[in-house]
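If you read the protein sequences in the order shown, they are chains A and B.
In terms of this note's numbering, the first sequence opens at residue 1 and continues consecutively.
In terms of this note's numbering, the second sequence opens at residue 1 and continues consecutively.
It should be emphasised that the hints constitute simulated quantities derived from the structure, not laboratory data.
Among the clues, some could well be false.
Just some of the chain B residues that point at chain A, by a computed CB distance under 10 Å [claimed, not checked]:
id : residue
1  : Y34
2  : D35
3  : L36
4  : G39
5  : A40
6  : P92
7  : K95
8  : I117
9  : V120
10 : L134
11 : G135
12 : W136
13 : L240
14 : T272
15 : R275
Backbone N, C-alpha and C define an ideal beta-carbon position, used for all residues, glycine too.
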Amino acid sequence: MSELFVELFSEEIPARLQINARNELKKNIKNFFIDNQIKFNENFNVYSTPNRLVLHVDKIPNEIKLNSEEIKGPNVNAPEKALEGFIRSNNTTLEKIFKKNTEKGEFYFFKKDSRKIKVSDLLEKNLSEIFTKIAWNKSMKWANYDLYWGRPLKSILAIFNKKPLNFVFNHISSSNKTFIDKSLEEGIKIFNDFNSYLKFFKQKGILIDQDLRKKIIQNKINEIIIKKNIKIEQNDRLIDEIVNIVEKPMVIVCDFDNKFLSVPSEILITTMQSHQKYLPTFNKKNNLTNNFFVVSDIKDTKGFVKLGNERVIEARLSDAKFFWEKNKTQNLVKQVDKLKNINYFKGLGSYFDKVQRMRKLSSLISDDFLISKDKIEIASSICKVDLMSDLVGEFPELQGIVGGHFAKFQGFDKEVCLAVSEQYLPNGMESKLPKKMYSVALSLSDKLDSLVGFFGINMKPTSSKDPYAIRRMAISLVRLIVENEIKIKLKDLIVYTCSVYRDQGYEFDTKKIQNELSDFIIERLKNYLKEKKIRQDIIESSIFLLGLDDLLKAYKKSKCLNKNIKKEIGFETIAAYKRSSNILNTDEKISIETLGFADPGLFKNEYEKKLYKKINDIRKYFLSVSKDENYEESLKILSSIKNELNDFFDNVIVNDEDIIIKKNRLELLNMLCKTFDNYLNFSKIEA
Amino acid sequence: MVSKIKKKTLSFQDTIFNLQKYWSKKGCLILQPYDLEVGAGTFHPATTLRSLGPKSWKTAYVQPSRRPTDGRYGDNPNRLQHYYQFQVLIKPSPKEIKKMYLNSLSSIGINHEEHDIRFVEDDWESPTLGAAGLGWEVWCDGMEVTQFTYFQQMAGFECKPVSVEITYGLERLCMFIQNKKSVFDLIWNDEGITYNDVFHQSEKEFSAYNFEYANTDILFKMFEMLEEETKSLVEKKISLPAYDQCLKCSHVFNILDARGVISVAQRAEYITRIRELTKSIGKVWIESQS
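Chain A extracted, bound-state conformation (with noise of 0.2 Å):
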C-alpha cells in the first residue's frame, strides 16, 4: 500500500479560489480512483495555504489486475486494412486473432490476456489532465504560457511511493522538489513523503492543514479574550477567510486611540473586517472595545506588525472620525433639496422625486399600520440623505445605518431614527428583519416605489440578468409582510404608486405593471415558500385561488398544511377531496354540468342528508372566520368530514339510473370540493 502525494506550488491563491481548488482537486482525484477502479483511502484530504496547493491520499495498491477481456476489431468484410491497424494498435500478432459472430454480424477478436497496471504508470498518465479538469471560479493567464491557473503555477511536486511521478503539465514538469521559500520561491529542498514534508514545514511553524490553522488562531484567541475579559463576535466568514491567507498565523493584539469609540461601532467594525481582516472586539456588555486582533504571517519579533497594523486603523479610523464630526452636525432637513442633484434612476428622475413618492407611498401605509402618519414622512424625507455624506462615500456598505446615526445626534424621534437605520433591511432571504412598524413603513415603501418604477420603465430582470438586484428587493417585500404578518393591500399599492409617479409626469401603464408585479412576487414567494422546504405541490395550490392581496394567507396556509400532510388532519381532509373530486372527475367527461348547489329535495336518504348538513356547517365556519382564521383548526373542521363522507359512500350509489338524482349527487360531492377550496384548492395536491 503507497500513498500519492502532489504540491502544487503558485504564487498567492486568493481564500475563496483556494477553498474552491481544493474541492474539485479533491472531487476529481476521487473519480480518477474510482473511475479506475483503484482501492483508495476515501478519508484522505486536499490542504492548502495560499501558495501551496497539497493532495494525500494513502492506502492506494502499488498495483491493479486488469482481467481478461475480448477486444472486438473489423467486420471480416472490412478491408484488410483494418484488421491491419486492429493488429497494430493491440501490439498483437494474427495468430492471436479469432473471428466471432455477434447480432450485427461477423468480426474479428482478440483476447486480451489479464494483466497487472502500476498505479504510477496511471497517475503519470493522469494527473496533468486531473488538474486541468480544476473548474477555477476565476483563473489566469501569465507570461507567454496557455495554462489557466487561479495564480501563476511554478512548480509540481508529485510523489507516489516515495517515488517521484513524472509528467508533464503544461509547461511545467514534475518532480520531488518544492521550494521552501514562498516568498522568495527559494530554497530548493527534496521530499518523498507527506509525513516528513509536514514535519519540516511545522519545525518552520508553517501549517499546511488549513484546519489545524483554524484551530490554533481560535485557541490563540479564546486565550487572550479570557485573559482580557472581552470577546468576539462570531464570523465564520471572516475566519475562513483569515485562515486561508496565512500560513504560520501569529495572534496579535493591537489597540487604537479610546477616543475614536465616539464614533458609531457600524463603521469602526466595518473599517477593521472588511477593510483590514481583523476581529473586533467587544466587552460584556457587547459593546465595542479599543482592542482588536491582527492575525500575521509572521513572528512579530521586533514589534513592527503591531505598529504598522495600528498606525493604517489609526489613519483609517481618523478618516472616519473626521467625516462622522463633519457629517454628523450638516442638518438633514435642510440638506432634503440637495437630493434633486443626484439621479437616483435613469428615467426615475432624482432621489427627490424617488423620497417624495415614498412620503406619499409610507403615508398611505401608515393608515393601514396605526402609526403616526407625520413621523413616516420625516423619515421618508430624510432617509436618502446620507447618500450625500462624505461616510456613505466612503462606506456604501452602511448606507441608511449611517443616515440613522445623523438623526439620532440630531435629535430626531427614535423610531424615525430606526426607521432611517433599517430602512435597507431586509435585503434578500437571510438578511435581518425589520420588527419596528416604521421600519417595515419605510422600508415596505422604498422597495414598492423601487419595483413600481423598475417594471415602470421596463428594466425588469431576465432569466439570467438582474443587475440591479430587483428579485432580491421583490424576496424582501415579501418577507416583510409574510415574516411580519402584516395585512396590506398590496394590489391597492402598486396602483396607488403608480399614481404617485403619474404625480410626478411619469406615465407608466398602471394595468401592465399591475399584472406584470403581481406575477413576478408572487413567483417571489413560490421561491420562499420553496426555501422554506414548503411540498411544491402545496405551494402550487395555495397560490392558486389566492391573489397579491393574500401572500400572508397564502404562506400561512401552505405552512400549516405543510406540516400536518402527513398528520390526520392533512390527510384525511386530502382523501375525503380526493375521493370525491375522483368522482367528478370521472363523471363529468359523461357531461354532465355541475354547479356546486344540490337541491335537498331531491335528497333520497339519510346519508345525503347527513353530508348535505355537514357541507353547509363547514360553510358557516369558513363565513365565520374570514378575519382571524386558525388554518389548523379549519383543516380540523375538513377532516371532520370523514363520517359523513365515508358513510355516504358506502351506502349511496352515487351513479344512479335517474339521471336528476345522479346529477344531484354529483352537485353534493362538487359543494363538497368547492367549501373545501375555501382552505385551498386541494385538486394539485398529491396524495
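Use these hints to put chain B onto chain A, whose structure you have.
Showing chain B alone in chain A's frame:
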C-alpha cells in the same frame, strides 16, 4: 565615546532614486512621466499601449496621477488629488517577479523577513481602458503599499503575452518608511523640504478648481471636441496622437465628475464613450506593431 550612527531616513526623492536604480539594474528602461494629466501610471502609453501586441517590453517610471474627486483642500492627512505612482511594467511577466518585487522593497529599507508582507486578492478593472487583470494589493503590516497585477485584457483585447504591472503608491510607501501620520509631513530631500512645502498650496487650489470653479459648460464642450478629434485621428491610423486626445477626454470627464454634474446614468455613458475610444486606438496600435 563612540557616537551612534543614526540611521538616515530615506527621503521621498531617495525612495524614487532607489526604485529607479533597482529596476534599472533589472533591465527596465527608465522612462519619465507622461506629459499629460492621467489618473494613474497605467494610462501612460508605455503601459497601456505597450502591454498590447507581441513585443517584449520592460519599463519603470514615476507618474504623477490626478484624481480630482480625491482632493480635500490639503486638509486630510491621507488624501490628495495629485500624487505619485511608481510604475513597473514587464512583458512577458517574468518567472521571478515576486522575488524581484520583494527585493525592491529591501532597496528602500523594507525587509520582508521583519514585516508582514501579504498578497491580498485584488482584481483590477479599468472601465475607461477596457482593461482587466488579476492580482493583489500588497500589504505591509496592514498597509496597502502596492498594486500587483497580471494584465489579462487591455483596450478590449486579450493580452498575449501577459504583462505584469507593479504600482507603488509612493506617498503611502514613504509614510510607512518615514513613519509619518500625514502625507504633508513627508521629508522630500535631505535639506528638510517637506511634501507640505511642495504641494500644500497646489492641493488647496486644485481642490477649489475641481470642486468649485471648473467651468462645466466649457468642459462639456471640450469633451465633445476631444472625442471628435480622437475619432478623426483614429481614422488617420495614428494611434499615439489619438491616445493623447483620449487621455484629455478622460481627464475632462474626471473633473466633471468631481464637480458633481454627472449623474449616475450619464456617468456610465461617458465611461462607455471613453472605452470605445480606447478600443479603437488599441486596434490601430496593434496593427502598427505587426
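For each hint, the structure was consulted:
1. Given hint, Y34(B) at the interface with chain A, is violated; its Cβ is 26 Å from that chain's nearest Cβ, farther than 10 Å.
2. For D35(B), the interface hint is violated, since its Cβ never comes within 10 Å of a Cβ in chain A; the closest pair sits about 31 Å apart.
3. Interface restraint check: L36(B) against chain A, minimum CB-CB distance 27 Å, threshold 10 Å, status violated.
4. Taking 10 Å as the C-beta cut-off, the interface hint given for G39(B) is violated, the closest approach to chain A being about 18 Å.
5. Interface hint status for A40(B): violated, as the beta-carbon distance to the closest one in chain A is roughly 20 Å, over 10 Å.
6. Proximity of P92(B) to chain A holds as hinted, the smallest CB-CB distance being about 4 Å (cut-off 10 Å).
7. With its C-beta approaching chain A no nearer than about 7 Å, K95(B) sits inside the 10 Å limit, and its interface hint holds.
8. Checking I117(B) against chain A by beta carbon gives a least distance of about 7 Å; that is within 10 Å, so the hint holds.
9. The interface hint given for V120(B) holds, since its Cβ lies 7 Å from the closest Cβ of chain A, which is under the 10 Å cut-off.
10. The restraint placing L134(B) at the interface with chain A holds, with a minimum CB-CB distance near 4 Å, inside the 10 Å limit.
11. This hint holds: G135(B) has a C-beta 8 Å from the nearest C-beta of chain A, less than the 10 Å allowed.
12. Residue-level restraint check for W136(B) holds (minimum Cβ-Cβ distance to chain A is 6 Å; threshold 10 Å).
13. The interface hint given for L240(B) is violated, since its Cβ lies 26 Å from the closest Cβ of chain A, which is over the 10 Å cut-off.
14. Interface hint status for T272(B): violated, as the beta-carbon distance to the closest one in chain A is roughly 13 Å, over 10 Å.
15. With its C-beta approaching chain A no nearer than about 18 Å, R275(B) sits outside the 10 Å limit, and its interface hint is violated.
Comparing the model with each numbered hint stated earlier shows that hints 1, 2, 3, 4, 5, 13, 14 and 15 do not hold.
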